[in-house]
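> Sequence:
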Amino acid sequence: MTIILFVIIFGIIVLSHEFGHFIVGRKNGIHVVEFAVGMGPTLFHIHRGGTKYSIKLFPFGGACMFEGEEGGDLLESEAEQPSDERQGGVCREIRTDREKILPGQRDVGGSFLKASVWSRIATIFAGPFVNLLLGFLIALILVAYRGTDLPVIQMVSEGSAAQEAGLMAGDVITRMNGESIHVYREVRLNSMLNSDGKDFSISYVRDGKEYSVVLTPRYSDEDDRYYIGLMGIGEYAPCRGFSVIKYGFYESQFVVKNTIKSLQMLVTGKLGKDDVSGPVGVASYVGETYETAKEYGFITVLMSMLELIVILSINIGIMNLLPLPALDGGRLVFLFVEVIRGKPVPPEKEGFVHMAGLILFFLLMVFVMYNDIMRIIR
Numbered sequence: 006m007t008i009i010l011f012v013i014i015f016g017i018i019v020l021s022h023e024f025g026h027f028i029v030g031r032k033n034g035i036h037v038v039e040f041a042v043g044m045g046p047t048l049f050h051i052h053r054g055g056t057k058y059s060i061k062l063f064p065f066g067g068a069c070m071f072e073g074e075e076g077g078d079l080l081e082s083e084a085e086q087p088s089d090e091r092q093g094g095v096c097r098e099i100r101t102d103r104e105k106i107l108p109g110q111r112d113v114g115g116s117f118l119k120a121s122v123w124s125r126i127a128t129i130f131a132g133p134f135v136n137l138l139l140g141f142l143i144a145l146i147l148v149a150y151r152g153t154d155l156p157v158i159q160m161v162s163e164g165s166a167a168q169e170a171g172l173m174a175g176d177v178i179t180r181m182n183g184e185s186i187h188v189y190r191e192v193r194l195n196s197m198l199n200s201d202g203k204d205f206s207i208s209y210v211r212d213g214k215e216y217s218v219v220l221t222p223r224y225s226d227e228d229d230r231y232y233i234g235l236m237g238i239g240e241y242a243p244c245r246g247f248s249v250i251k252y253g254f255y256e257s258q259f260v261v262k263n264t265i266k267s268l269q270m271l272v273t274g275k276l277g278k279d280d281v282s283g284p285v286g287v288a289s290y291v292g293e294t295y296e297t298a299k300e301y302g303f304i305t306v307l308m309s310m311l312e313l314i315v316i317l318s319i320n321i322g323i324m325n326l327l328p329l330p331a332l333d334g335g336r337l338v339f340l341f342v343e344v345i346r347g348k349p350v351p352p353e354k355e356g357f358v359h360m361a362g363l364i365l366f367f368l369l370m371v372f373v374m375y376n377d378i379m380r381i382i383r
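Count along the sequence shown from 1, add 5, and you get the number used in our numbering.
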């Protein structure tokens, strides 16, 4: 069941990403050579409108290959065949064997490389954007079903920094260190991130009036971390009508903040290798979530899996927008350089950068996978 759920969740996220590239590329007149579900050898395929739609052997991921990209080139000699020949069951103009256009042959219309730079930017950006959009849409379902957690203080620890600063149960927190707070999970996130014990400000509303305090977290020898002294999980509130959209946005916004701040903590060393998970770690977490939720019935399992899709889809969307080689963000960097220069970066130079990045990501993935396995078997 863990494997099945992981394949479904991962498939939804990756196919949504590739569909974003697909639909925007098509709208911008770029020829989609192949849209594939899965990876590896092709089990089944059909051709529609000059595009090969295929199902691959391994049900992980997918791909959207454009004409003019590696693996999606169109040969002039085949493209110039009469359309009735080219559509005769095998669609012979499409090359899916990763061959490049041969010397002396020119690329044909519809190539990704021949599209305007802004069309290419929109096409590349569409993949991560759809991941973010998917996270938001599913967050609407979650909020409509289970409501939200308002940032209302439930309890204040005796002798804590929060009590000393005058905070009380029932206070509604509105800002922490100048950052707007909309759900109680943001309060917990900001509290955990303040691991260095520095002063920070809290704004809150009590009896209709807003107050602000500055407090200094207290260090716990037992837990080896700082606490401000707020306890509980916030105040539950059902969501109906417009509030579903409002708190669905706040739900997805929280995941965005969590992802970005986690990346910052990785860079600054506040998080280590054991705080990073790859496919094996994610699959393990999916299994643990399922085992916990199944005791409460199908709906609880479904909502738990949808929550994982929100988290993973937004994470993948943000990660793909990082300006790193081999990622969509890295490709966008080269496209914006093209906008500034007025001409593209030589393909061989861009290709070298992306290939180097791909090798590094592969090595990183191997390390993360090994670390996941070691963490599971310990």
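Hints are computed from structural coordinates only; laboratory data are not their basis. Beta carbons: idealized from backbone N, C-alpha and C, even for Gly. Hints are supplied without guarantee of correctness; some may be wrong.
Said to hold, decoys possible - Distance windows between CB atoms, simulated:
| id | residue 1 | residue 2 | range |
| --- | --- | --- | --- |
| 1 | Leu62 | Val210 | 54 to 62 Å |
| 2 | Met6 | Ile51 | 51 to 59 Å |
| 3 | Ile60 | Ile8 | 13 to 21 Å |
| 4 | Gly16 | Gly152 | 50 to 58 Å |
| 5 | Ser225 | Arg346 | 51 to 59 Å |
| 6 | Gln168 | Thr305 | 29 to 37 Å |
| 7 | Lys275 | Glu169 | 39 to 47 Å |
| 8 | Phe49 | Met360 | 25 to 33 Å |
| 9 | Leu307 | Met374 | 49 to 57 Å |
| 10 | Tyr301 | Glu74 | 30 to 38 Å |
| 11 | Arg245 | Arg193 | 41 to 49 Å |
> Could you run down the list of hints and mark each one as holding or not?
Cross-check of the supplied hints:
In this structure the hint that Leu62 and Val210 lie 54 to 62 Å apart at CB holds, the actual value being about 57 Å. About 31 Å separates the C-beta atoms of Met6 and Ile51, a value inconsistent with the hinted range of 51 to 59 Å. Restraint check, Ile60 to Ile8: a C-beta distance of roughly 18 Å satisfies the suggested window 13 to 21 Å. In this structure the hint that Gly16 and Gly152 lie 50 to 58 Å apart at CB is violated, the actual value being about 29 Å.
Between Ser225 and Arg346 the beta carbons are some 54 Å apart, a value that agrees with the proposed interval 51 to 59 Å. Remark: the range hint 29 to 37 Å for Gln168 to Thr305 is upheld by a beta-carbon distance near 36 Å. A hinted range of 39 to 47 Å is violated for the C-beta pair Lys275 and Glu169, which are about 26 Å apart. Between Phe49 and Met360 the C-beta distance comes to about 31 Å, which sits within the given range of 25 to 33 Å.
Look at Leu307 against Met374: about 28 Å separates their beta carbons, and that is not inside 49 to 57 Å. A hinted range of 30 to 38 Å for the beta carbons of Tyr301 and Glu74 is inconsistent with their spacing of about 46 Å. Distance hint check for Arg245 and Arg193: the Cβ-Cβ separation is about 25 Å, which falls outside the suggested range of 41 to 49 Å.
Hint compliance for this structure: hints 2, 4, 7, 9, 10, 11 are broken, all remaining hints hold.
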